[in-house]
Amino acid sequence: MKLRKARIVGFQSFRDSGEIEFSDGTNLIVGQNNAGKSALLRALQPALRDDRHRSPEKWAAAALPVPLVRLDIEISGPELETALIENGQNFIPIPDEHDAVAYMDQLLKSPKMQISVSHRPGLMFSAPYPGHDQFAAGTRQSSAVVNVSDGNLTFQQIYNGQDTTALLVHSLWQKSMFYFDPERLTIGESGFAHAPRLAPNANNLPAVLQTLRGDRGDLFDRLVDYLREIFPTVGNLSVRPKPENGNSEVRVWPTEAMERVELSFPLNQSGTGVAQVIALLTAVMTVENAVVVIDEVNSFLHPAAVKVLLRILQTAYSHHQYIISTHAPEVIGFSNPSTLNVVKRLGYESSVQKLDLKKVGQFREVAEHLGVAMADVFAADRIIWVEGPTEELCFPLLFQHAAGRPLPRGTLVTSVASTGDFFFKRRDRQLVYEIYSRLGSAVTPLVVKSIFSFDTDDLSQADIDKMTEQSRGKMHFLPRRHFECYLVDPGAIKSFLQEKDPENANQIDRAQVEATLQRLADNDFKIPEWKGDIHAEDWLARVDAAKLIDKACTELSQTRVSFNKNRDSLFLLQHICSVHPEAIESLAAYVCNLVGAVS
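Mapping of the sequence shown onto this note's numbering: position 65 corresponds to residue 65, and the numbering continues sequentially without gaps.
Hints are computed from structural coordinates only; laboratory data are not their basis. Backbone N, C-alpha and C fix where the C-beta goes; we use that ideal spot for every residue, glycine too. Please note that the accuracy of each hint is not assured.
[Said to hold, decoys possible] Derived Cβ-Cβ restraints for the label pairs, each shown as a range:
1) Thr554 - Pro65: 47 to 55 Å
2) Asp105 - Gln353: 39 to 47 Å
3) Asp457 - Met258: 27 to 35 Å
4) Trp59 - Pro128: 28 to 36 Å
5) Glu244 - Asp105: 50 to 58 Å
[As the list claims (entries may be wrong)] Calculated pairs, SDA-like style, for lysine to any residue (alpha carbon to alpha carbon, straight line, at most 25 Å):
6) Lys551 - Ala583
7) Lys112 - Ala60
8) Lys175 - Asp51
9) Lys474 - Asp458
10) Lys547 - Ile464
11) Lys500 - Thr559
12) Lys547 - Asp522
13) Lys354 - Asn564
14) Lys494 - Ile464
15) Lys109 - Val145
16) Lys354 - Ser562
17) Lys354 - Asp501
Between the sequences and the hints, there should be enough to build the whole structure, so can you do that?
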């Protein structure tokens, strides 16, 4: 399930938002405080409030129109089938003169369908016949009566125009849409029950955690590991029957050891944000294809915790759709958004403006100017400064891939800011080192150790040795020219092109990609190390791989697909890790050495 479009009319600060588009991945809603970001997200909830838009021209309750929210929601045939099985008798439109069984069999196998629904306060979703909009309505308005018998669906054709498609979509939306607001949650206690799935309002969180602990222990342990990464002050998590009433109660431990319950604390008494993060992680780890809405994540999490959370969501649970509002630079600078909308407010009315993602780099630079890097320093015990956002996102993934565990607690990988004295065409690494070393020295009581990892680029071995010696071993250099030199993989590039250009996916195979890389290496990208083999270590260490991959993608797709190293390197890396991880063993070993150097 995915949300594709929304339009908000007459709700809170919105007279008419216009059409707002959403994509897979992370969708950012940005704007100043009180601009209307939260109002936009509240309008997406399954239960819509009757909170009508007011203005100096129209403010009396009797004269205000009832709020209306229009949503375009994408679902799959199997998701529709699940809703039919769970909701008893329903009515699904079918074309006139079509066999009900044959049409429904085809519909329920559909990979995706986009359904437009209307939502008003106090009501379920509604849509005109045919609710699924898979054909033009005829004069007879035929439907299939769907019943459930022993877990199987039966279909019978009728001609009364009944249509419960929108109601089924509402039931799916209620189950799969999770909304997290910045208010402190009191969800640390619930009735004892077997609960494999989190409720949308997370009020059964203790029961779900207790079920996970018993039924899916490895998943529960992974959740605890994530919590330790995000919150250095959280050591462990447990669930117990509360002696006073028998309810399930979540306890938070400051240490990994759990010797006496008196040394733990109820979740309801823990710091702001802990409950939200536990509920959020529980949702994304236990639900398939969720729509996760997070309002002002920065208001209940420290900037460093926000970055770790976003990295976990992007790398381990990217199949979900995220809609996140924020005004904070750490979110804007690290979320790698698929859409970016700005909410502005003038007087009594909010408006939404879509921003060009090609300019998102400008926002990241603004985020860095606002001091994100400084915030990182005060949030970690050990810091690995890296060349840019690609390494910042991928190095923790590489460490977990190689070591089988997350980064050690208190260890942070963060990129050097591209601001001030070192915002040059070619960054002066020595200057970067000196500035950040002074920054580290200023907070020595907080930071135990910090090191630097830079691209080799065109540096000679003598230059590298000199800087390593001058920094007393704190400056480290990738064995190859830059990170993308490890991503020159024909299979990964083929999969990337197919992902970005699915309509032409069958026109490209691995051999074509390899041949294109060979030709480009022999011509446009020819260097002294080229010996006719794209797998040769000497050549991979020196080639400008980022530009090579981009050129190959552009040519193979006939300019339909380009490669952006900050945005797309993660895709190639994940493919290589899963298909032939031996290709990045040396890179993973380098990252493990970095972590070892600060441990």
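Verification of the supplied hints:
no.: 1; hint: Thr554 - Pro65: 47 to 55 Å; verdict: 50 Å, holds
no.: 2; hint: Asp105 - Gln353: 39 to 47 Å; verdict: 44 Å, holds
no.: 3; hint: Asp457 - Met258: 27 to 35 Å; verdict: 49 Å, violated
no.: 4; hint: Trp59 - Pro128: 28 to 36 Å; verdict: 32 Å, holds
no.: 5; hint: Glu244 - Asp105: 50 to 58 Å; verdict: 54 Å, holds
no.: 6; hint: Lys551 - Ala583; verdict: 22 Å, holds
no.: 7; hint: Lys112 - Ala60; verdict: 43 Å, violated
no.: 8; hint: Lys175 - Asp51; verdict: 24 Å, holds
no.: 9; hint: Lys474 - Asp458; verdict: 20 Å, holds
no.: 10; hint: Lys547 - Ile464; verdict: 23 Å, holds
no.: 11; hint: Lys500 - Thr559; verdict: 12 Å, holds
no.: 12; hint: Lys547 - Asp522; verdict: 14 Å, holds
no.: 13; hint: Lys354 - Asn564; verdict: 21 Å, holds
no.: 14; hint: Lys494 - Ile464; verdict: 35 Å, violated
no.: 15; hint: Lys109 - Val145; verdict: 18 Å, holds
no.: 16; hint: Lys354 - Ser562; verdict: 22 Å, holds
no.: 17; hint: Lys354 - Asp501; verdict: 23 Å, holds
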